[in-house]
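Protein chains: 2
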Amino acid sequence: MNSIISALRTRFGARLSTVSDILARHGAGESYHRGMPPDVVVFAETTEEVSAIVTLCQAHRTPVIAFGAGTSLEGHVSAVNGGVCIDLTGMNRVLRISADDLDCTVEAGVTRLQLDRELRHTGMFFPLDPGADATIGGMAATRASGTNAVRYGTMRDAVLALTIVLADGQIIRTGRRARKSSAGYDLTRLFVGSEGTLGIITEVTLRLHGVPEAIAAASCTFPDVDSAVRTAVAVIQTGVPIARIELLDDAQINAVNRFSKLDLPVLDTLFFEFHGTPQSVAEQTEQVRAIAADFGGGVFRSAASQEDRTVLWQARHDAFYASTALRADSKGWSTDVCVPVGNLAQCIARTKQLLTATTVPATIVGHVGDGNFHVLFAVDTSNARELAEIAGISAALASLAIELDGTCTGEHGIGTGKIGYMVAEHGPAVEVMRLIKNAFDPAGILNPGKILPAPTQERNPH
Amino acid sequence: MNSIISALRTRFGARLSTVSDILARHGAGESYHRGMPPDVVVFAETTEEVSAIVTLCQAHRTPVIAFGAGTSLEGHVSAVNGGVCIDLTGMNRVLRISADDLDCTVEAGVTRLQLDRELRHTGMFFPLDPGADATIGGMAATRASGTNAVRYGTMRDAVLALTIVLADGQIIRTGRRARKSSAGYDLTRLFVGSEGTLGIITEVTLRLHGVPEAIAAASCTFPDVDSAVRTAVAVIQTGVPIARIELLDDAQINAVNRFSKLDLPVLDTLFFEFHGTPQSVAEQTEQVRAIAADFGGGVFRSAASQEDRTVLWQARHDAFYASTALRADSKGWSTDVCVPVGNLAQCIARTKQLLTATTVPATIVGHVGDGNFHVLFAVDTSNARELAEIAGISAALASLAIELDGTCTGEHGIGTGKIGYMVAEHGPAVEVMRLIKNAFDPAGILNPGKILPAPTQERNPH
Numbered sequence: 013m014n015s016i017i018s019a020l021r022t023r024f025g026a027r028l029s030t031v032s033d034i035l036a037r038h039g040a041g042e043s044y045h046r047g048m049p050p051d052v053v054v055f056a057e058t059t060e061e062v063s064a065i066v067t068l069c070q071a072h073r074t075p076v077i078a079f080g081a082g083t084s085l086e087g088h089v090s091a092v093n094g095g096v097c098i099d100l101t102g103m104n105r106v107l108r109i110s111a112d113d114l115d116c117t118v119e120a121g122v123t124r125l126q127l128d129r130e131l132r133h134t135g136m137f138f139p140l141d142p143g144a145d146a147t148i149g150g151m152a153a154t155r156a157s158g159t160n161a162v163r164y165g166t167m168r169d170a171v172l173a174l175t176i177v178l179a180d181g182q183i184i185r186t187g188r189r190a191r192k193s194s195a196g197y198d199l200t201r202l203f204v205g206s207e208g209t210l211g212i213i214t215e216v217t218l219r220l221h222g223v224p225e226a227i228a229a230a231s232c233t234f235p236d237v238d239s240a241v242r243t244a245v246a247v248i249q250t251g252v253p254i255a256r257i258e259l260l261d262d263a264q265i266n267a268v269n270r271f272s273k274l275d276l277p278v279l280d281t282l283f284f285e286f287h288g289t290p291q292s293v294a295e296q297t298e299q300v301r302a303i304a305a306d307f308g309g310g311v312f313r314s315a316a317s318q319e320d321r322t323v324l325w326q327a328r329h330d331a332f333y334a335s336t337a338l339r340a341d342s343k344g345w346s347t348d349v350c351v352p353v354g355n356l357a358q359c360i361a362r363t364k365q366l367l368t369a370t371t372v373p374a375t376i377v378g379h380v381g382d383g384n385f386h387v388l389f390a391v392d393t394s395n396a397r398e399l400a401e402i403a404g405i406s407a408a409l410a411s412l413a414i415e416l417d418g419t420c421t422g423e424h425g426i427g428t429g430k431i432g433y434m435v436a437e438h439g440p441a442v443e444v445m446r447l448i449k450n451a452f453d454p455a456g457i458l459n460p461g462k463i464l465p466a467p468t469q470e471r472n473p474h
Numbered sequence: 013m014n015s016i017i018s019a020l021r022t023r024f025g026a027r028l029s030t031v032s033d034i035l036a037r038h039g040a041g042e043s044y045h046r047g048m049p050p051d052v053v054v055f056a057e058t059t060e061e062v063s064a065i066v067t068l069c070q071a072h073r074t075p076v077i078a079f080g081a082g083t084s085l086e087g088h089v090s091a092v093n094g095g096v097c098i099d100l101t102g103m104n105r106v107l108r109i110s111a112d113d114l115d116c117t118v119e120a121g122v123t124r125l126q127l128d129r130e131l132r133h134t135g136m137f138f139p140l141d142p143g144a145d146a147t148i149g150g151m152a153a154t155r156a157s158g159t160n161a162v163r164y165g166t167m168r169d170a171v172l173a174l175t176i177v178l179a180d181g182q183i184i185r186t187g188r189r190a191r192k193s194s195a196g197y198d199l200t201r202l203f204v205g206s207e208g209t210l211g212i213i214t215e216v217t218l219r220l221h222g223v224p225e226a227i228a229a230a231s232c233t234f235p236d237v238d239s240a241v242r243t244a245v246a247v248i249q250t251g252v253p254i255a256r257i258e259l260l261d262d263a264q265i266n267a268v269n270r271f272s273k274l275d276l277p278v279l280d281t282l283f284f285e286f287h288g289t290p291q292s293v294a295e296q297t298e299q300v301r302a303i304a305a306d307f308g309g310g311v312f313r314s315a316a317s318q319e320d321r322t323v324l325w326q327a328r329h330d331a332f333y334a335s336t337a338l339r340a341d342s343k344g345w346s347t348d349v350c351v352p353v354g355n356l357a358q359c360i361a362r363t364k365q366l367l368t369a370t371t372v373p374a375t376i377v378g379h380v381g382d383g384n385f386h387v388l389f390a391v392d393t394s395n396a397r398e399l400a401e402i403a404g405i406s407a408a409l410a411s412l413a414i415e416l417d418g419t420c421t422g423e424h425g426i427g428t429g430k431i432g433y434m435v436a437e438h439g440p441a442v443e444v445m446r447l448i449k450n451a452f453d454p455a456g457i458l459n460p461g462k463i464l465p466a467p468t469q470e471r472n473p474h
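Protein chains in written order, with our numbering: chain A, 13 to 474; chain B, 13 to 474.
Extracted from the complex, chain A is given alone in its bound form:
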C-alpha cells in the first residue's frame, strides 16, 4: 500500500489524503452501517486521472472505490478490504446542455441540486430526486430514483450513455445520445446499478424533460394507511399521468412537523403533484380528488403556489433526516422494498404488523405509485439487541416483498447491507451476475464486497 500511496502522491500531491477523519468520512454513508475507511483518498478531476488511478490499483491488485456525496444508505462506499478511494466531487462540470435534444452530459461528481441550478433558465429539468443531494454518478451507480419516478422513471430510464473507466484503466463510452438503440448489448443499463463493481462512472449523459407549463400539488389525509394506499393504487390503475404520489404515515407526519416546523394534521397522508397544461393539471387534480373521496379521504388541500409546493416537497425530501431526528444520537435505518402495485396494500398492512414488535421509532414513507416504500427506523447503533431486532424486522419485510414478487430494494441498492437477500430474490441468476463480475473484474479490485454474496454463501454445502 505504501508504494501505491507514494506513487499517487507523486502525481496528485495535495489532492491526496491519509488523514484519518477524511478516510473515515470516505468509508461511510448516511445510514446505520458502520463504515470501513480506505487507506487513502485521491481527489480526481478528470476521467484520465481516474483511469491512471485504476491502472495503478490493477497493477497492485488493490481495491478501488468511487466516492461521490457519501449519501448511500447501504454501505456502498465502505472499504471492506481497505484500498484507494477516488473522490469524484472535483469532477463537477456540466459538460453540455442541449435544449434541442432535451439532454445533457455531466461529470459524475455533479450533484442533483447543482444540476437543478444549472438547468434553471433552460426551460428543462431533471426529474429524479432522491432525498439526499446525491451526485449524478452515485445515482447512476445505485440505480436511484425518487418521488417523480412514477411519471419519469428511474436512473435506468434517465441515463442515455455513460463514460466508464474499466478495471484495466481503459475508458469506454457505453452508448450514444439517440433516444433508443438496438445496437448490441445494453452496456448502459448494465453499468447503471452496478455500484462501482464493474467499472467507475465518470460522465453521465442524461435525458431531460421540458418544465411543464403548469404544476400543482395537493395533499389529502386518510383514516388509515390502507385507504391511502388503495387510493394511490387506484390513481395508477386509472392511468392519471400523475407526477408524484407519496405516502407519509401519521408517524412520519409527526416527524416532519417537528423537523420542518410544520403543522400538518398528524394523519396518514398522500402528497400529490400534477404536471401538464393548466387545463390538464386541473383535470388530473379533480380526478384524484374524486378517487381519494371514494376511499374515505379527508381534507384535500391544494398547494398551487410555488412557495407552498416547495414547503411541502422539502418536508418530504427531509423525511429521512426528520425520522432520525426523532431520537437523539440515533442513526437512520431505511428499508426499501418494492412490490407490484396490486400487492402494495397487503405488503404495507403486513409491515404495520411487523412493526408492532419493536419500540424503536419507525415511520413509513413511500413512492406508492411505484409500489416502493421505506420504513425509517431511528436506531441506537450502540445497542446490539436493538440492531438485531431491526435487522430481524428488515429481513422479514424483505422476505415478504420477495414472496409478493417484489424486490428487497427499489432504489437504494444492495451495497453491503442487502447482500443477504440476493439469493432469495434472484436464485441462480446471482451466479450469472457473478459471471459478469468475473469477466469485468477478474482480480476483484472494483468496490469489493458489494452486491454479490461470497461464493460459498449460496453453494450447496454438500
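Hints are computed from structural coordinates only; laboratory data are not their basis. Glycine included, C-beta positions come from ideal geometry on N, C-alpha and C. Certain hints may be false.
[Said to hold, decoys possible] Output of the computed footprint for chain B on chain A, the stretches with three or more beta carbons under 8 Å from beta carbons of chain B:
hint : region
1    : 109 to 121
2    : 156 to 164
3    : 199 to 206
4    : 219 to 232
5    : 249 to 255
6    : 409 to 418
Position chain B against the provided structure of chain A, taking the given hints into account.
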C-alpha cells in the same frame, strides 16, 4: 449432427423437421438478406424442452438458434454455421394477466396481435407495435419498438422480467415484477436486445397500460419533409404527451395508397395519435394543429372514429410491405438509423441527398418523435450492382447517424446485417460486449455470427 438429430427425434418425434422448405423458412427473415438454413428445426413447447435442446447442443458444441415469427429484417435467424433451430411458436400461451398490477406474463411465441386479442376485454393494452406480427420473444430479443415508443418506450422499458435458458441449459428468471429495482445487475436489460446470443428467452413479463379513455388520430400534409420533421421535433420539445407521431414521405404515401387502396394526398405527411381524457386529447390535438401550422402544415385531418383510425394505422403498419410491392419480385431493405431529435432534420435532409444517387424505389417512414426513421428500398436481389449501390447508401447513412451521435439501428437490431457498424458506433465497448458473450457462451453455440464482429475485424493489423 446426425447423432444430435437422432437424439432429438427420440424425444420430439413429429415435432422435428429436416424438410428443406421448412429449414429454408427457418433460416430467413423478411428482408433482402439471403438466409442460411439450419440442419434441423425442433418445435418446442416448454421452457424445459428448450433447456433439454440447448443442453444437448452444448454437449455437441452445436449452434442453436431461437425462431419466432421469422419477421427479422437483419438476418437474425440465419444459421450461418448450421445447427439446431428451436421454433418457439408452439410456446404461445398467455400465462397470466393482472389488471391490478398492469402486467402480464406470456410465453415467447405469443405474437403481438394475439396478445392484443387476449387483452381486448381487460381495459389494458400492450403498446409496442413493430409493423410485423412479431412474437413477444423476438421483440424482446431485438429490443424492438414501433410507433408508440415516443410515449410508451421500447421493449427495454416494457419488459419487467424474462425467463431465460442459458448456454448450459440452466433456467433463470432475470427479475421480479416490481416496477423498479436496484437489486444487482440489470440482467433483464442485458438479455433484451441480445438477439439470442446470450441465452434463449422463453417467457416474458410485460408492463401493460390502461386503455386511454379517449383516443384520436390526425394527419397533416407538409410542403416538404423538412417542415414535417421540424413540426415533429417541436411537438416533442414542447412536451405534448403525444402517443404517436409518424412521418411518411410523399413516396411512401404513394406506396401506401397503392398497397392499401387509399387516396391520401401524395405529399410528405405526419400521422398523429393522441391518448388521454377527452379534454386532454382535444387539447393535445389543438396544440399540435397550431405547431403544424407554424411550420407550413396544410390540411389537418382528424380521424376520431375507430374505423378511420384503423385504416390510417393499418396503412402505416403495412409501410414495409407497401414499399416492397412498388416493384415486382423485389425484397425490402430497411435502414434504421436513430439520432438525437435535434439532429433529425439535418439527418433526413442529408439522407434525401444520398437517395439521389440511386434509381431503386426508396421511401421514408419514421418514428420521428424518437429521432428514428427508415428508408425502405425495394431491391432486386439478383442484381449485384444494385445491392452494392444500396449497401453503399446504407453505409453512408449509418456513418452519418453515428457522426450525429446516433445509432445505426434504433429498433431492428444488428443481426448479421449491421455488424460492420458496431466498431464505428461503439469503439472499444465492442470488446466489453465480447467479454460478456464469452462469459455467457464460451463455446459460442448461441446464435453464432450475430451482433459481434469477428475478433480480427477490429484488431489492429500490426
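List in ascending order the numbers of the hints, as given earlier, that are violated by the structure.
-> none
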